[in-house]
Amino acid sequence: MSDTTVSQSAVETLDIRSSSPVSGTNAALGEEVAVHLHPQGIPLFITPVSRRLKTDIAAFKAWLVDHEEAIDKLLLRFGAVRLRGFPVKGPEQFGHVMSHYPVAAMGYKGGGGPRAEIAGRVMESTRTEKDRFIPLHHEMCYQRQWPLKLAFYSNIVASSGGATTIGDIRRFEAKIPQRILDEVRKRGVLYRRNFRDGRVPTEGWSGQLLNIHRPWQEAFFTEDKADVEAACEAGGLEWQWLDDGSLQTEIRKSGFVTHPVLGTSHWFNQISNLTALPTSARQWYTLTPEDERNGGRYPNAVLFGDGGTIPAEDVKLLRQIEDEIRVDEPWEAGEIFILDNILCTHGRTPFEGKRDTLIQFLGSGSND
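Numbering-wise (the UniProt record's numbering), the sequence shown opens with residue 1 and increments by one.
No wet-lab data here; the hints were simulated from the structure. Fair warning: this is a prediction, and the values are worked out from it, not measured in the lab. Please note that a few of the clues may not be correct.
Claimed, not checked - Simulated crosslink set (DSSO-like; lysine-lysine; CA at most 27 angstroms straight-line):
| no. | residue 1 | residue 2 |
| --- | --- | --- |
| 1 | K186 | K73 |
| 2 | K186 | K316 |
| 3 | K130 | K89 |
Stated by the list, open to error - Distance windows between CB atoms, simulated:
| no. | residue 1 | residue 2 | range |
| --- | --- | --- | --- |
| 4 | K175 | D66 | 11 to 21 angstroms |
| 5 | I57 | Q178 | 41 to 51 angstroms |
| 6 | E233 | V103 | 17 to 27 angstroms |
| 7 | Q40 | R199 | 21 to 31 angstroms |
| 8 | Q40 | Q178 | 37 to 47 angstroms |
| 9 | I57 | H266 | 32 to 42 angstroms |
| 10 | L210 | L242 | 13 to 23 angstroms |
| 11 | V103 | R52 | 25 to 35 angstroms |
| 12 | Q240 | K89 | 41 to 51 angstroms |
| 13 | Q40 | A70 | 39 to 49 angstroms |
| 14 | Q40 | K73 | 45 to 55 angstroms |
| 15 | I57 | P311 | 45 to 55 angstroms |
| 16 | Q178 | S366 | 19 to 29 angstroms |
| 17 | E233 | R199 | 21 to 31 angstroms |
Cβ atoms here follow ideal geometry from the backbone N, Cα and C, with glycine treated the same way.
Using the sequences and the accompanying hints, generate a full structural model.
The structure is reproduced here in structure tokens:
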């Protein structure tokens with residue numbers, strides 16, 4: 001799909017009856033649910049069979065608590081589990097049914113995309129313009145700490161498009177040329193990020209530039225520079241204040257992470273998502289000529305850990321592989337989508353109409 005095309009598939013979600021049942025799951029999850037696998041291999045769908053799980057939110061909450069361990073094991077196998085057809089209505093109920101999962105201690109301080117808190121730890125998903133395609137990525141892997149799992153919830157389904165896309169990192173890794181894997185493993189990854197001063201006029205900036213170039217006051221939830229500096233120190237970020245009042249941060253990461261349960265090493269970076277390519281190469285980070293005339297700049301730079309430039313052709317190849325493994329299953333209202341943040345990347349297709357997809361971070365991971 002091109003960067004400007006809105007998917008028309010949102011009007012027709014997968015017919016679960018046509019997908020593949022998964023053997024061996026009844027013993028783990030019980031007879032009140034059915035389990036089926038998406039034709040592309042992920043996600044795994046769990047749907048209610050009993051009337052009480054279809055209609056009673058308290059019963060669903062109790063079932064989810066009782067089967068947390070079984071669902072976690074399925075996440076290790078498939079990376080993504082989709083709970084379709086359960087009676088979850090609104091952000092408060094979404095927060096309630098997931099409340100037994102551990103909190104992600106770092107929250108979203110210093111996060112890359114604009115989003116607001118909705119109810120408790122429930123947040124909106126990344127807020128960006130409707131015609132933008134958000135590429136596959138690991139959540140907050142540019143930070144010292146990041147969420148182990150993500151839970152999405154579809155509160156309002158877009159009239160067209162707006163799928164939360166996913167990718168199996170094991171399939172992705174299998175397609176990456178060995179020379180790229182070796183180079184990243186050898187040199188690591190440097191994330192250099194700039195947060196503008198929200199008090200500086202932005203007249204003439206495009207809506208997209210305003211969206212992707214966050215003010216430090218918004219990203220760190222404070223107007224106090226001392227608080228920002230303390231947050232940078234706690235997050236392992238090198239930081240400096242620039243003459244225009246903006247904040248520049250740097251952090252070096254290995255580009256890989258060891259899964260805390262499986263013990264396996266996996267690609268874990270945002271080289272393909274955050275590396276700026278020439279205009280029109282990817283809409284998510286395209287500046288207009290007017291932005292450039294007005295002094296706009298990309299808020300993110302991704303380099304090799306030694307400061308070397310990552311070849312544009314390699315970034316394009318990684319994005320091509322992402323397109324090959326991406327799964328774009330449309331939402332149904334009320335669905336919950338749980339992802340392992342290491343084993344499964346996520347993104348979003350462009351959309352039309354109103355879309356309200358919410359997110360919770362579950363548990364904290366670290367490269368330290």
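Tested hints:
no. : hint                            : in the structure
1   : K186 x K73                      : 32 angstroms, violated
2   : K186 x K316                     : 20 angstroms, holds
3   : K130 x K89                      : 24 angstroms, holds
4   : K175 x D66: 11 to 21 angstroms  : 38 angstroms, violated
5   : I57 x Q178: 41 to 51 angstroms  : 49 angstroms, holds
6   : E233 x V103: 17 to 27 angstroms : 22 angstroms, holds
7   : Q40 x R199: 21 to 31 angstroms  : 47 angstroms, violated
8   : Q40 x Q178: 37 to 47 angstroms  : 25 angstroms, violated
9   : I57 x H266: 32 to 42 angstroms  : 35 angstroms, holds
10  : L210 x L242: 13 to 23 angstroms : 18 angstroms, holds
11  : V103 x R52: 25 to 35 angstroms  : 29 angstroms, holds
12  : Q240 x K89: 41 to 51 angstroms  : 47 angstroms, holds
13  : Q40 x A70: 39 to 49 angstroms   : 23 angstroms, violated
14  : Q40 x K73: 45 to 55 angstroms   : 21 angstroms, violated
15  : I57 x P311: 45 to 55 angstroms  : 51 angstroms, holds
16  : Q178 x S366: 19 to 29 angstroms : 28 angstroms, holds
17  : E233 x R199: 21 to 31 angstroms : 23 angstroms, holds
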